[in-house]
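Trainee: Now for the letters of each chain:
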Amino acid sequence: MGARRAVENMTTNIAVKVENLYKVFGRKPKEAVKKLKAGSTRDQLPSHTTAAVIDASFEVKEGEIFVVMGLSGSGKSTLIRTLNGLWDATDGTVSLGGDKITGISAKHLREVRRKRVSMVFQHFALLPHRTVLENVAYPLEQQGVGKSERLASAAKMLKMVGLDGWGEKMPSELSGGMQQRVGIARALAADTDLLLMDEAFSALDPLIRREMQEQLVELQATLNKTIVFITHDLNEAMFLGDRIAVMRDGQIVQVGTPEEILTDPANDYVAQFVQDVDRARVLTASSVMEPTRAVIQANAGPRSALRTMRDQFLSAAIVTGRDRKVLGMITDRDALKLVRAGESSIEAKIQKLETVDRDTPLVDLFVPSVESRLPVAVTDPEHRLLGVIPRVTLLAALAQTNPPTEEMTILDKPLPSDVVEQALMSSPEVN
Amino acid sequence: MEFRIPIGDVAEDGVDWIVKNLDGLFRVLRAIFVEMYDAVEVVLSTPPFWVITIIVALIALLARGWQFMLGSVIGLLLIVAMDQWSNAMVTLALVLVATFWALVIALPLGIWAAKSHAFSNVIRPVLDFLQTMPAFVYLIPALMLFRVGVAPGIVATIIFALAPGVRFTELGIRSVDKEVVEAGQAFGSSPGRIMRQIELPLALPTIMAGVNQVIMLALSMVVIAGMVGAGGLGGDVIASLSRLDTALGVEAGLAVVILAMILDRLTNAFGKRSGLFALLMKKRKAAKTARQQELAA
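Taken in order, these protein sequences are the chains called A and B.
Going by the numbering used here, the first sequence opens with residue 2, and the numbers climb by one from there.
Going by the numbering used here, the second sequence opens with residue 4, and the numbers climb by one from there.
Hints in this document: simulated from the structure, not taken from any laboratory.
In this text, all values refer to a predicted model and were calculated from it rather than measured experimentally.
Careful, some of the hints might be misleading.
Said to hold, decoys possible - DSS-like cross-link-like pairs, simulated, lysine-lysine; straight-line CA separation at most 25 Å:
(1) K291/B / K148/A
(2) K288/B / K170/A
(3) K148/A / K286/B
(4) K116/A / K101/A
(5) K181/B / K116/A
(6) K181/B / K108/A
(7) K160/A / K288/B
(8) K108/A / K118/B
(9) K326/A / K353/A
(10) K170/A / K181/B
(11) K170/A / K291/B
Model the full assembly from the supplied sequences, consistent with the hints where possible.
Mentor: Pasting the structure below:
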């Protein structure tokens, strides 16, 4: 998920802006839009009009992979085709990088398609009568690039997608996965900032699909295009998407990061949809962690450490430095020993504590969670403590239920409070 | 009184009016058809039969292979042996001229029909009319407009053979994979370039099937056109009919069949990759690939 992190460092210019977009097929589409705006539902329209997209509004940031997800008939393919004007919008606007492309002339629109948007198709849509190399060079041909120059850059693109030396073959001689790589190379050859991918991997078998998804993420890390990706496969959406728009019956029901969609579905439909997703691979540590209750500053004395643990009925606690960097953990038994010995610092007894980065997917949290005596500590890249994930929370996140409100991670029984009390009373006060 | 709508009379009046008022136009058309036919006929009839036979044999070899070449040569020699060679060349010239004009008219109409539903709806009944009207009926107005000779034969043939050219062109373009056309649009191609670079090349096999049909229909009509003095094999067929001359009828008829088979197999081969020509192209491509891989390595 390298792509996801890259976005955070980007300036957030808007690459695509869609406002109140409607697309209605059939007779009298404008009238249908009026009815929809007045509150009619899709089913109330006359039978010969189909509202494919209803009041869609969203923004795609530069450099992100924006996934539009929905079942067939949800209008996602129509939506993506309004982004390069293959369908003209019935109502509303589409802007690319601030320039409106709805309502412009056909000639101007072709110019936009040549220079600013390229597309990858579900069934590859390669020209069967041309060689692979000529196919990749096709967008450049439309841009008016000379023959030798365009073939040279097409060869470069083929190399980039790992099809070096296949240029003279005909598309039909290639496997599905390879054909789609040609499709991607062709779209990249156009050298546009925006890439539309319409169910690009849906026609491929699952193993190849996974491979292509990974290759796309890899490519995206170096190219940093803005990608609008259409899919009906939720796992694909979750894997690729920096943000996801969920569509149903022509409407966008939710836009959010994969985690937001999983953890905070906008309605029952989305909730039902995300039920089957492999949550362990999508959710990250930061999305399920809880605030830390038992944190002990490294410069605190053993007495206050012991008191903190006693107050919260804990057998161990995380120790952090002044800057909240995780230093390790300390147990109540060790703290007790220090108190009895009259030590003034807990540093000697700090034990090593495994921590995980906030972007770690849940699937990688099982081992640390089992091995650690404490809830797993979640840190940012600077190793500062952000929160903890008790085992119960981890399991609850996977089971898609709310974790119990009470912390129940008692690994070792805490010391009986009277023992602690006695130690605190009898030993000399140091601090 | 019996109820009757005089459609026939109306048509007759219409044709009469055209004959009276548009005579100049038809003179020009007649001149064009006759001149074209004469030119093609001279090219086909002037050289001795073996020159034409060798040329046909070479085309057959390139398009389909040696079996077809052998078959064509035997067929042509049979025509010579039946003393129908010059008739066959006349008929071939008529077919070529009529087919040329039929395609010149049919292809644009087919493209238009593929692009416009409205036009498609208009042209379809017209094509039905053209195809089902008994072929002889075309000869009557054609005869009045162009007078006896090759011109009415060619015109009747053009009209009769037109329909499959339009139909197959429309079908071919309509059945081009929509996503591929969309790809052309998505990369900013103009409609004209999409037609030239994507739709026509991909529709070509279907269009060629249409061309094949046009030629076959033209051949059958050219024989009927023998009735209006178009000459060639049709002239002999008609003559044999009026004289009940079985021998002549069989010989002229066989010559038509042989011509039909050669033309059919030949046009069938276009658009498919077969024969020596395809083999040579394949070799060239293989050599090119090898060279590129050497360069890459």
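Trainee: Hint by hint, note whether the structure agrees.
Mentor: Hint-by-hint comparison with the structure:
With a CA separation close to 17 Å, the supplied pair K291/B and K148/A stays within the 25 Å bound. As the CA atoms of K288/B and K170/A are separated by approximately 9 Å, the hinted pair is consistent with the 25 Å bound. Between K148/A and K286/B the alpha-carbon distance is near 23 Å, which keeps this suggested pair within the 25 Å criterion. Of the supplied pair hints, the one linking K116/A and K101/A holds, its CA atoms being roughly 15 Å apart against a limit of 25 Å.
For a cut-off of 25 Å, the pair hint linking K181/B to K116/A stands: about 22 Å separates their Cα positions. With a C-alpha separation of about 21 Å, the suggested pair K181/B and K108/A falls inside the 25 Å cut-off, and the hint holds. Of the supplied pair hints, the one linking K160/A and K288/B holds, its CA atoms being roughly 21 Å apart against a limit of 25 Å. As the CA atoms of K108/A and K118/B are separated by approximately 19 Å, the hinted pair is consistent with the 25 Å bound.
For the hint pairing K326/A with K353/A, the CA-to-CA distance comes to about 13 Å; that is within 25 Å, so the pair holds. A C-alpha spacing of about 23 Å is found between K170/A and K181/B, which places the hinted pair at or below 25 Å, so the restraint holds. A distance of roughly 11 Å separates the Cα atoms of K170/A and K291/B; the hinted pair therefore holds under the 25 Å criterion.
The structure meets every hint from the earlier list without exception.
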